[in-house]
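So the protein sequences, as listed, match chains A and B.
Counting along the first sequence from 1, when you hit position 149 you're at 149 in the numbering used here, and nothing is skipped either side.
Converting from the second sequence to the numbering used here requires adding 257 to each position, the first position being numbered 1.
Since the hints were made in silico from the structure, they are not lab data.
Every value quoted in this text rests on a predicted model; they were computed, and no experiment measured them.
The beta-carbon is built from N, C-alpha and C at its ideal position, and this holds for glycine as well.
Be aware that a few hints might be false.
To be verified - List of simulated lysine-lysine pairs, DSSO-like, C-alpha gap at most 27 Å:
#1 A/K122 - B/K259
#2 A/K27 - A/K14
#3 A/K5 - B/K259
To be verified - Ranges between beta-carbon positions, derived for each pair:
#4 B/V459 - A/A169: 54 to 64 Å
#5 A/D214 - B/L568: 56 to 66 Å
#6 A/R17 - B/G455: 43 to 53 Å
#7 B/A262 - A/H188: 37 to 47 Å
#8 A/R17 - B/L370: 32 to 42 Å
#9 B/L568 - A/A169: 41 to 51 Å
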Amino acid sequence: MTNIKLTNITMELKGRRLLSNVSTEIKSGELIALIGPNGAGKTTLLKCALGLISPTIGTVTVDGSPIEDLSPIARAQKISYLPQMRPLAWPIRVRDVVALGRYAYGGSTTKLTQLDEAAVAKAISDCDLSAFEDRGTDTLSGGELARVHCARAFAAQAPLLLADEPVAALDLAHQFQIMSLIRNYVDHGGGAIVVLHDISLAARYADRLIWMKDSIINADGTPDETMTAGLMEKVFAVDATISKDEGGWSLNVSNAT
Amino acid sequence: MKDSALLLLLSAVSFAAILAACFIGSTVMSPDRLFAALFGVGATGDEIVLWEIRLPRAIAAFIVGGALGLCGAALQGLLRNPLAEPGVLGVSACASLGATLALFYGAAAFSSLVVPVAAITGAISATALLTIAAIHTSSVVTLILVGVGLSSFAGAVMALLLNLAPNPFSLSDLISWTLGSVANRSFNDIALAAPFLGAGLVFIVLSRRSLPALALGEEAAHGLGVDLKRTRIFVILGTGLISGAAVSIAGAIGFIGIMAPHIVRPFVGYDPARTLAPSAFLGGIILVLADIFIRLIPTPTELRLGVVAALIGAPAFVWIAMQRARTQ
Chain A
1 MTNIKLTNIT MELKGRRLLS NVSTEIKSGE LIALIGPNGA GKTTLLKCAL GLISPTIGTV
61 TVDGSPIEDL SPIARAQKIS YLPQMRPLAW PIRVRDVVAL GRYAYGGSTT KLTQLDEAAV
121 AKAISDCDLS AFEDRGTDTL SGGELARVHC ARAFAAQAPL LLADEPVAAL DLAHQFQIMS
181 LIRNYVDHGG GAIVVLHDIS LAARYADRLI WMKDSIINAD GTPDETMTAG LMEKVFAVDA
241 TISKDEGGWS LNVSNAT
Chain B
258 MKDSALLLLL SAVSFAAILA ACFIGSTVMS PDRLFAALFG VGATGDEIVL WEIRLPRAIA
318 AFIVGGALGL CGAALQGLLR NPLAEPGVLG VSACASLGAT LALFYGAAAF SSLVVPVAAI
378 TGAISATALL TIAAIHTSSV VTLILVGVGL SSFAGAVMAL LLNLAPNPFS LSDLISWTLG
438 SVANRSFNDI ALAAPFLGAG LVFIVLSRRS LPALALGEEA AHGLGVDLKR TRIFVILGTG
498 LISGAAVSIA GAIGFIGIMA PHIVRPFVGY DPARTLAPSA FLGGIILVLA DIFIRLIPTP
558 TELRLGVVAA LIGAPAFVWI AMQRARTQ
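Extracted from the complex, chain A is given alone in its bound form (with noise of 0.2 Å):
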């Protein structure tokens, strides 16, 4: 059991607050969806929670130790992040961007012991990269390297994934594939945030919800508790009607308010 606990964080940058006091709870067995839009401090929340940026004001603990406490290397064995941006400064192989996810556990690209081959192979496989392993990255799609990416932060099979918009640039197919595959992740014991903004997909896969709009949380809760026309109007600006089947939710945007 891991959980990182954000409290009371507010965050600015050069005058502008990007959070303001804001607390939430990662733990392991629970999948969160964080929505919101563009600029409501989804990304920054989830740097925070990495420990990649400090918080103006606030705390950020892992498993009750401040964060700022932890060394790289044993945070990254508790953590695995997909950042939004992800550049590749050379075209290196598939495999070997996977096998970086082994970095926390000595591994690297010319270095793997057994267990780093085994968990390097299952996120090749669960992926659905088996076929390019050995390709340049320079010679993939854009899908494609999104889910080089996944693999390489599936590979790391750390307790807790904080995934950055994970199935932005991916088909219909492949977004679900990948949802899956974090669904499954927190079904055998994980624990995940991911920022979607797909809010059907996210309400379809998540337990919980994090709504947040201008540096703020307006909402936590499961989809049932959270799923209103009047968050979907609050939030995002738009007039929505709302309805759950057993296909999952679905949307309806009839136009912005």
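With chain A fixed as given, assemble chain B onto it according to the hints.
What follows is chain B alone, placed relative to chain A:
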């Protein structure tokens, strides 16, 4: 090709190149005379030519080329940019400025260690400045421009020293630092630089594993558990020590650090960590061959190694830059 096979091939070629450098020179030496001299049973004249002139020169060229190839590969990994290199980024220029200052103000008279230390200080200051610039901007262009600025500044101070130089003798001394050469180097010059090269190598080896992770960008690398601060400091210290030590042997020689990694990369799957060792070997080979070429062509005065390296390297630099512009 497996990395071990590649390294074996490169070390064989390195050995052959150094051996070839021992054969070639103003006195023609037949193989049997050369080998007799090599094993200490040759004529005294032959032994002096081999052990005092040709072998130290060939080994100096190999070490300097290797150092520059390694530094190029390491800096390119850290800055995620194939155009980064001690020469282009002004690191070598600042190192020769350091060495020149030490010579000009007579500090070199106190100890033979003063020149290498001054060169390394120059190199580390330049590398640190570049890395600070790299943290603040992700723009490749900005970084190269900072390098150009550093080069120009070091060049301007050198010109000032030339201007103020009291006599022609010190003038030629100053010129030799800017043009770069391995002529008349002794094993003593190499031994002085060796501890710094060794220390630098340790830093590079310690940061080796982090370089491929940096290929994913700094955020992802942080997430993977890379200690970004430590990696930056180690690569700066490592490349500063190594390129500074190289400059203290041969003066400023540019572009080797761009050519060697660029040629090696496709053979190692573009992996920045696996690029390091083969780049070092190839850099060494290129410089040994360039030095043989200098000695072979009949020019009134011997060409400077740095001049030849720039004549081959600068067009290669432009070509790589244009290739990049096309793919981006």
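**OP:** State the violated hints by number, sorted upward, taking the hints as numbered earlier in the document.
**Re:** 2, 3, 4, 8
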